[in-house]
Each structure stands twice: as structure tokens, then as C-alpha cells.
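Asks: Using the hints, position chains B and C against chain A.
Chains as they are written, first to last, in our numbering: chain A, 1 to 224; chain B, 1001 to 1246; chain C, 2001 to 2219.
Hints listed in this document are in silico derivations from the structure and should not be mistaken for laboratory results.
In this text the structure is predicted, and so the values were computed from the model without any measurement.
You can trust all of the hints, since none of them are fake.
No farther apart than 20 Å at their CA atoms in a straight line, the calculated lysine to any residue pairs in the SDA-like style are these:
| # | chain 1 | residue 1 | chain 2 | residue 2 |
| --- | --- | --- | --- | --- |
| 1 | A | K59 | C | L2148 |
| 2 | A | K59 | C | L2198 |
| 3 | C | K2050 | A | V217 |
| 4 | C | K2156 | A | I64 |
| 5 | C | K2127 | B | M1106 |
| 6 | A | K55 | C | I2207 |
| 7 | A | K59 | C | L2204 |
| 8 | A | K51 | A | E63 |
| 9 | C | K2014 | A | I67 |
| 10 | C | K2022 | A | I67 |
| 11 | C | K2127 | B | L1053 |
| 12 | A | K59 | C | P2145 |
| 13 | C | K2078 | A | N192 |
| 14 | A | K116 | C | G2146 |
| 15 | A | K116 | C | R2210 |
| 16 | B | K1095 | C | L2109 |
If you want the ones that stay clear, here's a sample from chain C, every Cβ over 12 Å from chain B, calculated:
| # | residue |
| --- | --- |
| 17 | L2029 |
| 18 | L2030 |
| 19 | L2036 |
| 20 | P2047 |
| 21 | A2051 |
| 22 | Y2056 |
| 23 | K2078 |
| 24 | G2080 |
| 25 | L2091 |
| 26 | I2164 |
| 27 | F2188 |
| 28 | L2195 |
| 29 | G2205 |
For each residue, glycine too, the CB sits at the ideal point set by N, CA and C.
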Amino acid sequence: MANLGIDVLFKGTNFLRLLQGLWVSVEISLVSVAISILLGLVVGVLMTLNKLWLKAILKIYLEIVRIMPQMVLLFIVYFGTTRVFGWDITAEAAAIFVFSFWGVAEMGDLVRGSIKSIPKIQFESAYALGMDKKQTYFYIILPQTIRRLIPLSINLITRMIKTTSLVMMIGIVEVLKVAQQIIEANRKASPNAAFGVFAVVFLLYFIVCWPISRLAVYLEKRWA
Amino acid sequence: MSELLKVTHLQKKFGDNVVLKDINLSVKKGEVVVIIGPSGCGKSTFLRCLNGLEEIQDGVIVVDGLPVEAGKREITKLRQKIGMVFQSYELFPHKTVLENIILAPMKVQKRSKDEAIKEALELLDKVGLVDKKDYYPRQLSGGQKQRVAIVRALLMHPDILLFDEVTAALDPEMVHEVLETMLSLAKSGSTMLIVTHEMSFARAIADRIIFLDKGEIVEESSDAKSFFIKPTTERAKKFLKTFDYE
Amino acid sequence: MDIDILKSYIPLYKDALFLTMKIGWQGILLSLVLGLAGAAILHFRIPVLKAITGIYIEIFRNTPLLVQLFFIYFALPKVGIRITAETCGVLGLGLLGGAYMIETIRSGLESIPVIQTESALSLGMTKEQTFIHVILPQAISMSVPGLLANVIFLLKETSVFSTISLMDLMFTAKDLIGMYAKTIECLFLLVVFYLIMLLPVSILGSIVERRMRYGQFGD
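Pulled out of the complex, with its shape left as it was, chain A reads as follows (with noise of 0.2 Å):
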């Protein structure tokens, strides 16, 4: 084992400050879960009325999310915004503001789309009872989409929890980085460390998605 570097993690706090770096992933991915779900409800909705240049403005926002890499959008938000506006913005805001901004929209697809997929005349048998729209939504489309939201949501939260390893890039001390850190540290000592480290980061990071995308699969056959 000791050639593999296993053992450097045992030395001090080492695998206490990787568990640090891995947490620190985790909270900026719940944070932009918990806004991205939120906000895509609202974007879905809106995403669903028939006004053109709302459906215009969200198709362009939609598109911006498919096709550019969230790594772009981190260096624009990180580097951009302070050389254009001279706002000091923290890497962590600039992560969440971006793992949002993706997560939105994300959501916002998912929402629009179970929403599509309720039959027109269940919002029909509602206006016929006299519901007016926001009754309409609130009580009879909604409460139908959410059993079908509930894993699609749980599955963006490990989406989220992968892409954070990407703030590494932007300076953000998370598990990659720690890693790193102690891989440099150790290099006399032990040359092999990257083997046994970034082994362990590897399984670090399954262990925390592996049981959340089951929960999701699960929940998607228990309520197909």
C-alpha cells in the first residue's frame, strides 16, 4: 500500500481536509440546486404561457445553457464581470451565480415539459369548473407534475455535484485541489501518492452520487 500512496492520507488531517474540499463541492451544489429549483418552477411556468416575447427570451437564455460549456460561463462571470464592471465577486458567488444560472434552465425544461405532458383537457375540465388560471396551475397542473419532477430533480443534484468539480478552475479550494495539494506535499516522501489520492477522490465522489442517482431511478419506477 505504501508504494500507492494510500498511506499519505493518514498522515495528519489529510483525509479530514479532503473530506473539507469535497464538502466544499457539495454545499455551492446544494445552494445552486436549492436556487435552481425554486426558480425553474417559475421559469417553467412562464416557459408554458403563450407570450411570444417571453417564450423568445427564455428560448435564447435556454439556448445560451445547452450550448456553452459552464466552465466558459464561470471564466466570464469570474474574470468578465470584474474587468468589465470592476465587481470583486468571489469565486464561490461567481460558482453558485453560474451552477444556477445552468440549473435554472435545466429545470425550467424539466418543469415545461411535464407540464406539456399533462393533457390539455385536464386544464380545460378546471376553467370549465370556473378555476381561473392561477387556480388552475396551482391546484390541478402543479400537484400533477411534481411526483414526475421529484427524481428529474434529484438528478440534477448530482449533475450539480459533478460540475462543481469544475471551480477548481477558478481558483476554489475543493477536493481536486486539496488533492493536489497534498500530492505536491508529499512528493519526496512519496512519490506514488497520485495513485492512492486521486483513487480516493474518485470513489469519494461515487460514494456521494452513486446513492442519490439510485434514489432518483428508484423514485422514477416507483412513480412511472
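Replies: Quick look at chains B and C alone, frame taken from chain A:
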């Protein structure tokens, strides 16, 4: 006339549920046998067993001297001797009419494309669909699709053709054209095993009627006309009564 | 924005684009091969291989590409497996993509009704002939929108290549910003070049989504 199909002691179970118990049947060359019975009686399952789409638990199926026992793999060999037409046509949606028809002759029987096309066109002409040869299935009506499915089965030169409620999914005005096609096949001497709910058609085409109920053959009659007028068993009487509205 | 600077940077971005595309498309090709093979294994329920495929999918769908690349590029050499950064990029993207392609093709296969298989079998075709001539072509055309979405996803994922010192678009932008601090110009070109790479696929995706669905044969 020689015996083409012989089924002895055929048994089919789904789990513990016996769907077909001890079915015995023999069909001669050129004979048209119609199987009727209430839904869920096992008639479709029986056809699927003959074609190896369902595994059988007991019994022997002999087609043209080739025996297949329960649990034996060779059941798939029977498929070359037995053609089947399904209720839902099951044309391949990504292939044109002509491609649908010549696929199996080319891939399974290794026949040349030219020869397969030549025969396919002759048969399509007989059912009045030669001008549709380059259409995709979704461009055809249900009746047209079903006639193409029949031609597709015919081109494999099967010894026996199985028809599994082939008109059940069709609009009423399309039923006739499909039944016409089957009648003319019967006249030309094809051996056919037909499951149907069309009682007057059954009477017109059948050399022999088999009444199946709860997984067993209850009544068999080689006189279709008298069967429909005066069935001998109580269960058959009761079944035929459901078609009267007096 | 300084036009002269833009002009002087364009050749660098162009080289980076070519490198990104080269690795990207090789990786996507690999992912398609893995996707087809894996989907066939799951479809025919081949013992042992089926279990391996399942584990592979779970591992690569539940870890970030960045971590996969780090492992392949920095960790594997320590146990004697040494590959170039380019091969690492192709391999990483291909393995990640394969896990997604399998799922997409498999759900395409599952969407074809069993009775289609039965009708092919009843014509005397073998299981393999049925798969190749009847089921797979339908499944693929069902999957095209999903496959194209995967392609877009994978092309976007190439943006992490810079971390294993591949001189891709991200690397070039970061490098130039670091050296000359022309942030706006660099970011502008970064966006433009990603658009060049991804917009055509995205447009193709929306066209195909509308036209090449199941049952659209013959339109």
C-alpha cells in the same frame, strides 16, 4: 391427403397457470382450420406455441415430418415452415413495403435479391398493392398493411400459415379486403390455421372448426355449416349465443 | 475591444479549436462504439459482460470527467500505465460518453415493441438477424435526438481538457489572459469559438428532433 401438422399432448403453462392442456390436433395439406372461442381461451397462445414464440411444457409438434418436443431448441426451425400473420400487422416501420417483404427471403433463405423482388411483385400484384411497393408502412391503411404482412409471410413459402385475429384491429370497411385475400389463398390450396372472431367468415372459409374453451378443445367439427347452426356441446352453444342479439 | 488584438489571437484559437474538435470527435466515436457494444450486451443479457457493463455505467455516470481524467493522466502512470495527454482526452471522453450512449441506445431498444421481434422471428430470422436488421435500425432512429444531446454534452465536456495540459480553447483563453490580461477579447473569442463548434450540432439537433422520430419514415 398427407398430414402436414400434428400436435400431440401439447401443454402450455404461464407459471402455475395452465393455459393449454393436452391439445391434440392434426392438419392435412390444403386444409383450412378455424379456431374460435371466447377471449382468453388460449387460441392465440396456441398459435404462438406452434411458431415457437411461446415455450411449451409438454407435448410434441410435428411439421412436415420434423418433430419438436417440449423444451427442445429446434422449435425455431419450425418457423421456416410456418408463416404467421399478426393482429397488429407488425410491418417493419423503417423499411418500405418491398423491403419488408424481401428481407427474410434474402437473409434467412439466402435467395437472390432479383428473384425475391420478382416474386414479391407478383404476389403484391395479386393483392392489388404493386403500386405501393415503395411506400412506407405508415403511408398505408390498416387493410393494406395487413395484406402486405400476408404477402411477406407467403414469400417464405411456408407449409402452413397461421393467422392470429388478423382483422381484429381493422376498421370495419377494411376487414373485407383482408378476408378476400385469405379466401383466395384458401382456394389456391394453402394450408391455414386461423384464429378469428368473424363468425360468418369462419363459416365460409373453414374445412374444419375447432372450438377452444378454457385451454382445451371442446368441440371439433368438419362441417362448419352445421356447427354454427347446431353445435353439440353446451359450451359451444353458449359461446355462439353471445353473437346473437335477440 | 481591440480589433487588432482579436486578429492576432484568432490563429491561436483556431489551432485550439482544431485540437479540441480532433480529440472531441475521436472521443465521441469511441463513445458510440462503446455505446453500441454495451447496449447489445444488455439487450442479449450476456452473462458476466452484462454485470461488467452495469458497473461501468454506474462508475462513469457518477463521477466527474475532470476526476476521471486526473485519475487516468496522473494516477495510472504510477502503476506503469503511461499515455499521452491526447490519448487520455480521447479515452476519458470516450469512456464517459460510452456510459451515456449505452443508456440512450438501450432505451431506444426498449421502446421497440416485443412483437416486432416476434414478427421477425416468425419469418425465420435468427436473434442476431432480428437485432441487426429489424430492432437496431428502429432503435437508433428513435435514439437520434438523445444521441445528439449526448454529442453536445460531450463536446461541452471537452472544456476540462486544459487541466491535463491539452492546448484546447479553454487552455488558450486562460493562457492568453494570464500573459496579456486582455480579458474581454479572450473571453469574447472563447465564446465565438465554442459557438462555431457547438451551434451547428445544436441546430442539427433541433431539426432532427422534429423530423427523424419513430414512424416518420416515408415523409
